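Enquirer: Each chain, letter by letter, is given below.
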Amino acid sequence: MRARVLIRPKAGILDPQGQAVERALPALGFSGVANVHVGRLVELDVDDASQLPGMCERLLANPLIEDYEIIEGVAAHS
Amino acid sequence: MRARVLIRPKAGILDPQGQAVERALPALGFSGVANVHVGRLVELDVDDASQLPGMCERLLANPLIEDYEIIEGVAAHS
Amino acid sequence: MSAAAQPRHRELGLTDREYELILAGLGREPSDVELAMLSLMWSEHCAYKHSKKLLRRLPTEGPHVLVGPGENAGAVDVGDGLAIAFKVESHNHPSAVEPFQGAATGVGGILRDIFAIGARPIAVLDSLRFGEVADSQRSRYLLEHAVAGIGHYGNSIGVPTVGGEIYFEPSYEQNCLINAMAVGMARHERLTSAAAAGIGNRLILFGALTGRDGIGGASVLASAELGEGDAAKRPTVQIGDPFAEKKLMECSLELLERELLASLQDLGAAGLTSAASEMASKGAVGLDLDISRVPLREADMEPFEIMVSESQERMLCVVEPDRVEAVLAVCEHWDILATVIGEVTAQPVFRILRGEQLLGELPVALLVDDCPLYDLEPQAPSAPLYRGGDQRIATDATPAQALLGLLASANISSRRAVFEQYDPVVQSRTVRRPEQADAAVLALPVLDARSAAGSQPIPAIAISIDGNGRRVAVDPRAGAAEAVYECAANLACTGAQPLGLTNCLNFGNPEKPHVAWQLSEAIDGLAAACRELDVPVVGGNVSLYNESPDGPILPTPVVGMVGRLPDARHAGRLGFAAAGDRIALVGHFNPRRDGSELAKLQGSAPAGALPAKDVAALRETHRLVREGVRSGVLHSAHDIAEGGIAVALAECAIAGGIGARVRLPDGLDLFGEDLGTAFIVTGSEQALAGMTLIGEVGGEALELEGVLNVPLSELAAAHDSGLPALLR
Amino acid sequence: MKFGVIRFPGTCDDVDAQLAAGRVGDAELLWHRDRDLRGVDAVIVPGGFSYGDYLRAGAIARFAPVMSQVIEFAHAGGLVFGICNGFQILCEAGLLPGALLVNDHLKFVFRQVNLDVVDADTAFTRSCPPRLSIPVKHTTGRYYSPTPVQVVLRYSAGENPNGSQDDIAGVINAEGNVFGMMPHPEHAVDPLTGSSDGLRMFESIRASVEARVGAGA
Ligand SMILES: Nc1ncnc2c1ncn2[C@@H]1O[C@H](COP(=O)(O)OP(=O)(O)O)[C@@H](O)[C@H]1O
Ligand SMILES: [Mg+2]
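Residue numbers (this note's numbering), protein chains in the order written: chain A, 1 to 78; chain B, 1 to 78; chain C, 1 to 728; chain D, 1 to 217.
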């Protein structure tokens, strides 16, 4: 099964990347953008989806500073 | 509206981050994982969602090396 | 124990007696904000309550000292109107929790101390301690992430990381040490004090927004009210943003260059509370601070959170009212948020306001000076602190096997895998980078076409950082002194004369008598060695309570030393220079196996004391090497440190890419150690007249006559692959 | 001649580039908000971490006001030299083909490397010997291009520090006036700090500018 993990900075944690993007966008003529956060995307094939939370806790995310969200069964991107 | 942009390395381009994750997982006792890719996640509030493709093309992704996927109207994460 | 089970002041780390002193000093109960502020200012970290009395034993004066302990960093005179500011600081506990961000913000914090006193940071060094990497996945993880964090911050901000040291010992398994040293340069007149001055002057906060970062102990003030769903209100890990600090640094230096500031201070531990109260204390003034003006990252922060937040990349300055506009304009140029948040007042009272509302009103002295200082109760332990480790080299190994084993061992192998992750050359002054010499060497004047063409000397500084906890554990007094000798020896190898040192005292819980004894002995050892070598202490840091359920860490004083050499063109190198050069052993060398690396790797517990030093001989040896390097008659110089003379010779050969043939004096222990006392030097036969000649440079192997003969390639392979193999 | 060295917030090697260029000509810093290049004869986009390298190295810097001037200058045939972060920015800006990806080993690397000058017939390498010793220092230096490019510098055999395609260390545009490289020639201009091979590149630029002036271009 193809799964997708979204990893984002925990609420309240400084997100300098998100800030940098938010400040850059208006200069490019894009307005009305707020609350930008930059995180990581991990996509993978897993045989046993029940392993995903463990993988996130132990490797994919840093639970101290990041939240993660698991999306199971996404369409494969070649 | 809250939107989400998923950015992933284009197929065929070496993705050492994905490989590193793929190599690390078995050592942690997770098996049956393949085809791991690591990309970026950008989440933002936009007033005008029609601006999203432009933002992706011009700033958020580099179309030479990355594919992107826009997901509009996701639930807000505080 | 739940938050409600004991009085709040205890939850905040204050003893009952301390709390009584606070009540007496205040004449009333403190408010929440006041209690949070007091508990932090009276913490070990800010008040040095268990170390301050001992630190008074360190010599702090000398002809070159411009700024001694007490300011954000110390500074020494290097001539030509230039000052070098430097300091080492620990970030051990945050790094044990989150090594990447902990180490990164450690670098960010020490850099702010340097530019807070008006100096442009020109170098970073790091001193790291982890558990035994060969056995510990966790130690590998911590090492990898801490190194990445240091590199991330230093590389991104454009300050070269020019040196450092790493040791692995089991006692650091749960409590790693991450110490970072920063060095800066300024013209004398640019050195700036943190003392607030000028009644009516404005207090400006500039830099990053204030969030809930690292609120730590004080968060118990909120925890009583925090429900399950309030995760967002919990304190968070400090995240470093080197990009923000790069702008902050340039902005601060420009503000000083334009003479717009009356004083400048960085925000570190205890955030606004400590920065502002120390500015007030130093200036013998008061402050009014309006927290409603502090720009926040999260809207719903409590007043106490604002006052103790440890959000990174922020500075405070005091500015005359008619210069405020100019200051804000400079900040705007650098894209730095700056806000007037308060004012200097005559009464030495720190008032916390929210708009018109008075939230707290504390005498500055109560915050800064009145925390009681404790006498320790040192008691020598009955059992040795260090009891030996696992055997990794056979006790019947041949000399060649022992040498190769040492070269590949965790503590001696090449640090290339680490230092290749650091940029050592940015700013264009690095004359000696890692593995080229025993100390980093940085040219002081700008190097340009004129300096390259001219024959004018190019003054330079050399920097070294050192401290071997295992040897301090064997003998705290002698071991701490050895750290000073070894730093000075490293400087001598580049031709530099020590000007001053900084130190970081990493110890366990000082309330335990045997830890108190280690601390007291180590400080005495440092103090004695400083006096012997005429090197004053200009600053430092103390990190206590480095403990885990397995007990305290090895006592680990880390010494960072800065010296001057007259001409960068004659900076020394450690590698053998040319075939045919003669090799000499200089120094009153008294090597012993006890406490040595080989003893450790052979699993034997050290017995007795470290070798006694002949200090007069040591001074004379250092002088001889320094002068020889400066004049150019010595072609290479390397001090004999961990692993003894065999390892030192191998290191000279590997670094020079050329072998040697050596005949050692009879009875000399190949692997015994006596740090800081002796050197391997090379030069022509006349240049080495009067020294003990032991061999000649040349060939493709290191041959110790009658003892071993190992091809250079094999030595280099062991040395280079040691750490990567352990990290795999 | 006069070099202009662009300084973005987060640029680190700006003063180094200015000092290096200053050994062969005049050199001044240009601020990212500047809207004119002050008559410089060649532009250097130096190394560092412009805008923190957040999002993607060079992605934000390419939109700085001064970059529209640089792009115009390049289109008019002016010499533009991108070093490390500058190379990343020029790729992002479309002035050079390809892109820089994170190193294959995922870490920052500092190393003194040897480079083969595979094209000495460019405005940036005409004074170079066939081999140069110059340091690299980057996390995002793996060059990639889906289409053929004009290669000027390659890492010498066995020395590729980042996994770049075909050992590519530096490329030039089809017109021959925009050049980018990952290694740092500005950190190899004085034997005292390790090597002076990089100075040849600055000398090449001066020679090229002088030749153009001489030719009345
Ligand atoms: N071990 C030490 N030796 C000498 N001076 C020390 C030592 N530890 C701390 N100091 C001095 O005490 C002062 C306070 O230190 P610290 O609280 O770490 O400063 P900051 O808050 O600026 O980081 C500094 O001037 C520092 O140099
Ligand atoms: Mg400070």
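Hints in this document: simulated from the structure, not taken from any laboratory. Be careful, since some hints might not be right.
[To be verified] Keeping only pairs whose Cα atoms sit at most 25 Å apart, straight-line, the calculated DMTMM-like set for lysine to aspartate or glutamate is:
1. C:49 <-> C:521
2. C:53 <-> C:361
3. D:107 <-> A:57
4. D:107 <-> B:15
5. C:282 <-> C:257
6. A:10 <-> B:45
7. C:282 <-> C:173
8. D:2 <-> C:521
9. D:107 <-> B:45
10. B:10 <-> D:121
11. D:107 <-> C:144
12. B:10 <-> A:72
[Said to hold, decoys possible] Footprint (simulated), chain A over chain B, 3 or more residues, beta carbon under 8 Å:
13. 20 to 27
14. 46 to 53
15. 57 to 67
All values derive from a computational prediction rather than experimental measurement. Don't be surprised by glycine CBs; every beta carbon is placed ideally from N, CA and C.
Enquirer: Next, verify each hint and record whether it holds.
Expert: These are the hints, each one checked on the structure:
For the hint pairing residue 49 of chain C with residue 521 of chain C, the CA-to-CA distance comes to about 18 Å; that is within 25 Å, so the pair holds. A hinted pair counts as satisfied when its Cα atoms are at most 25 Å apart, and residue 53 of chain C with residue 361 of chain C does not qualify at roughly 29 Å. Annotation: proposed proximity of residue 107 of chain D to residue 57 of chain A holds, straight-line Cα distance about 23 Å (limit 25 Å). This hinted pair checks out: residue 107 of chain D and residue 15 of chain B have alpha carbons roughly 14 Å apart, not beyond 25 Å.
With a C-alpha separation of about 22 Å, the suggested pair residue 282 of chain C and residue 257 of chain C falls inside the 25 Å cut-off, and the hint holds. Note on residue 10 of chain A and residue 45 of chain B: the hinted pairing holds, with a Cα-Cα distance of about 17 Å set against a maximum of 25 Å. Of the pairs offered as hints, the one joining residue 282 of chain C and residue 173 of chain C is violated, with about 39 Å between alpha carbons and a cut-off of 25 Å exceeded. Taking the CA atoms of residue 2 of chain D and residue 521 of chain C, the gap is about 61 Å. The hint is violated against a cut of 25 Å.
Simply put, residue 107 of chain D and residue 45 of chain B have alpha-carbon atoms about 33 Å apart, too far for the 25 Å limit, and the pair is violated. Among the hinted pairs, residue 10 of chain B with residue 121 of chain D is inconsistent with the structure: their alpha-carbon atoms are about 34 Å apart, more than 25 Å. Restraint check: the Cα-Cα separation between residue 107 of chain D and residue 144 of chain C comes to about 10 Å, which is no more than 25 Å; the hinted pair holds. Pair hint residue 10 of chain B plus residue 72 of chain A holds up; C-alpha atoms about 21 Å apart against a cutoff of 25 Å.
Coverage of a stretch by a chain is defined here by at least three residues with a beta carbon nearer than 8 Å to that chain's beta carbons; for the segment 20 to 27 of chain B and chain A the count is 4, and the condition holds. Interface restraint, the segment 46 to 53 of chain B with chain A: holds (4 residues with C-beta to C-beta distance below 8 Å; minimum three). Counting residues of the segment 57 to 67 of chain B whose C-beta lies closer than 8 Å to any C-beta of chain A gives 4; at least three are required, and the coverage claim holds.
Violated hints, in rising order: 2, 7, 8, 9, 10; the structure is consistent with all others.
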